[in-house]
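Number of protein chains: 2
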Amino acid sequence: MAKEITSREEDYSQWYLDIVKKAGLADNSAVRGCMVIKPNGYAIWENMRDQLDSMFKETGHVNAYFPLFIPKSFLSKEAEHVEGFAKECAVVTHHRLMNNPDGPGVVVDPSAKLEEELIVRPTSETIIWNTYKDWIKSYRDLPLLINQWANVVRWELRTRPFLRTTEFLWQEGHTAHVTQQEAMAEALLIHDLYATFCEEYMAMPVLKGAKTANERFAGAVETYSIEALMQDGKALQAGTSHFLGQNFAKAFDVKFLSEENKEEYVWATSWGVSTRLVGGLIMTHSDDAGLVIPPKLAPTQVMIVPIPKPNTEIDEVVQEIMKGLKAKGISVKYDNDMKKRPGFKFAEHEMRGIPVRIGIGMRDLANGVVEVARRDTKEKSSVPREGVAEYVEQVLVDIQNNLFQRALDFRTEHTSYADDMETFADLIENKGGFVYAHWDGTTETELAIKEKTKATIRCIPIDAEEDPGKCILTGKPSRFRVPFAKAY
Amino acid sequence: MAKEITSREEDYSQWYLDIVKKAGLADNSAVRGCMVIKPNGYAIWENMRDQLDSMFKETGHVNAYFPLFIPKSFLSKEAEHVEGFAKECAVVTHHRLMNNPDGPGVVVDPSAKLEEELIVRPTSETIIWNTYKDWIKSYRDLPLLINQWANVVRWELRTRPFLRTTEFLWQEGHTAHVTQQEAMAEALLIHDLYATFCEEYMAMPVLKGAKTANERFAGAVETYSIEALMQDGKALQAGTSHFLGQNFAKAFDVKFLSEENKEEYVWATSWGVSTRLVGGLIMTHSDDAGLVIPPKLAPTQVMIVPIPKPNTEIDEVVQEIMKGLKAKGISVKYDNDMKKRPGFKFAEHEMRGIPVRIGIGMRDLANGVVEVARRDTKEKSSVPREGVAEYVEQVLVDIQNNLFQRALDFRTEHTSYADDMETFADLIENKGGFVYAHWDGTTETELAIKEKTKATIRCIPIDAEEDPGKCILTGKPSRFRVPFAKAY
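Top to bottom, those sequences are chains G and V.
Each residue of the first sequence is one higher than the one before, counting from -18 in the working numbering.
Each residue of the second sequence is one higher than the one before, counting from -18 in the working numbering.
Simulated from the structure, these hints should not be mistaken for lab results.
Just so you know, not all the hints are guaranteed correct.
Any copy will do: because identical chains look the same in the list, a pair fits if it lies in one copy or spans two.
Straight-line distance between alpha carbons at most 20 Å, and here's what the computed DMTMM-like set of lysine to aspartate or glutamate pairs gives [what the hints assert, rightly or not]:
#1 K326 to D269
#2 K2 to D115
#3 K304 to E446
#4 K114 to D8
#5 K38 to E27
#6 K118 to E432
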């Protein structure tokens, strides 16, 4: 199986597509740019969702669900928002089909034209703030801390499974607050929560910071982003949280009566991560043998394979081992398929990224041991049967830590500093990764550097120490360096 | 608060809408027929989803996700399916908006017309079977036991929160099998699973059986349905599972190579329940004081209210009680809002259907007791503080059982038998509920009875005992009675 994967060195982009396909994560669909998320891929997303959901709830958020459709006129209410989102979107114009009067099949019924077209939500600020208008009357109704898990549609030109698709799954939080300070604190709380999730669960280190004005969410006053580094040296924007100021409150006229009995506009945030994270997970950890999944998000953490074939003796021992693992909350499966050989199974589970494989043969049985193989390092150990649950529990922790450390080391190795355009362009082009450089703070310079090198400023670190220097393009003064990279 | 609800006797339909609104379950939206599911309503749906999801997984099913959009031509491939679903649906015709050249706002960009229109899925058989075509080659690929949690859109004329909305949330299972027997067994397995869920978790008794030919899912060979009885005497179809035969396999040309190396069409099922269940839950248990939620699905099972106001002494005792309840897996909240009076809180939690309320005042504190109030019977008991966790645990079980028994008794009281059309029409019109009557088995008779009385055959019991009689309309022979009712 593994030999069917293109190596990263040969063609990184094809390697990614091969893993998505061979590990059963996603498939193309009959609809342009929309993918089918297959069971193996969906199970990873489910684990991400459940973990994030519990983190949202622990911080006081609740879930709700808003309509898929947005009246066209809503999009125009916030001036910048419409520029960002109204352009490439799915437009519903009719509500009925009819039998084709001129032949077989069905056609759109022209008499069922909608009075106002509906847009399939590309993001839900407009429909949600139109609703909040009815929910918020007084400071007592605030804060509103609401999240929704939903599908959204953006008519993308170039798509790639998980990383950029026309339809994708995500969560979008939309909060409303009494004060600017409280809304800003919320945006930063979620910024930190996303970083914690990526590092502790996905084992994917991220840079934190604010987006430049040019890269901000359409309608936001400030956008905070976490930025991960993929194995090809390109950055991936993994999650954003936006401080929206009073922009949407003003666009939808959402005011509240303050404790001092004054009418004021509400302060807002919004924030989201999507199935794009599955793409980030794949590209951070996987290797030329296939997918690698961090244990904390692996749908199956341990796979037990009998060698050469299952029999009652082995079955009994396996049931005992599974009981021990399950008691520790470890998810384990027994691959007792008679139709496949052990070698085939090994390759398959490796391809699918299962963190730990336990092999057990007749000789192991006699010796009271099992073989424990790690997916990350491919090391194998012979382990006494009695202590196997404790051993595996520790191995799962070790794999989780090792994957994070490996990704962090990769990022450290691919982090450079440049003080002039030539060095900068060379590093971006030939080494890749994050290149820290001085920038004069203007959109003009940012765009000129992008034009020359395809690199963008990934984020502006929030608490960067003063380290004055000169902009690599204009020579104007700069207070600290910012990380540039080519990005997905 | 409670007095703001219309009583059931006065106006059942308004009572339902009042509860949906006052208990914070759902709200109307700016989009015709689409509701906003508010946090209290969504939390109930989440609990339903999690419980069903674990039951699906225990029976070997996995989740996946298929595209929101279906190419128009797919709908026409299964002849009956298109009749059932192509008529009232949301049609996407364009993929871009542009600034209005003649004024403010945005308009559809005529140059961005899709070559083939896309339908927002009303159900996913067609897009899924078009995908299964690529996934199924051999008997080794079968069975495929896949479920998806998704939103769907049907352009309904008359809508009602949860019960019938243009967009709704649901799960749809789509399975593929080697043999007819296996597919039929799957359809019945899910039929039973749905009934178990409704009775054991929703505390809502259901009748089980097959739909008549006339009421079958468009494209199915057999549809199994569970039917609940609401407090106004109308039936609610709560969940259906369909044996699809080879209809979709033939429409999408999905064949497999059998163990005997022969090419054969695949056998199929599909099955679903939706947010309609939330409507069923509301209408089965609630009363004139508001919502009543069965403990097994209640997002908050116990609410603790201090009387008259929280203070450090009470807070300490409450923390102790909460610890004890949480240790038993009971979800509990402490309403220590200083701005609201206890009486207001009591009415609010009653309206929201929280199963158990614990009140604790200064005298209770001195006496070492708390007051435990049940939402279902409104009984109150003074309970020693030490044993409160065990006591509440048992009360929650009692409430769950009592709600089911009460609903079952209601159904028994509202189940009648008629041997002639006059009695039948009178019972349907004046008593409501299920009326068992003999029917000659023809669609013609079924429709004629519906025309006269608005009652439909809810289902044909699968293992009905022979009990010969004569059709109430035509006098033709009938082997057993079937349950009729007016329905939602």
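Outcome of the hint check:
no. : hint         : verdict
1   : K326 to D269 : within (17 Å within a copy, 60 Å between copies)
2   : K2 to D115   : between (46 Å within a copy, 13 Å between copies)
3   : K304 to E446 : neither (52 Å within a copy, 45 Å between copies)
4   : K114 to D8   : between (41 Å within a copy, 12 Å between copies)
5   : K38 to E27   : both (16 Å within a copy, 13 Å between copies)
6   : K118 to E432 : neither (48 Å within a copy, 49 Å between copies)
This entry does not satisfy hints 3, 6, going by the numbered hints stated previously.
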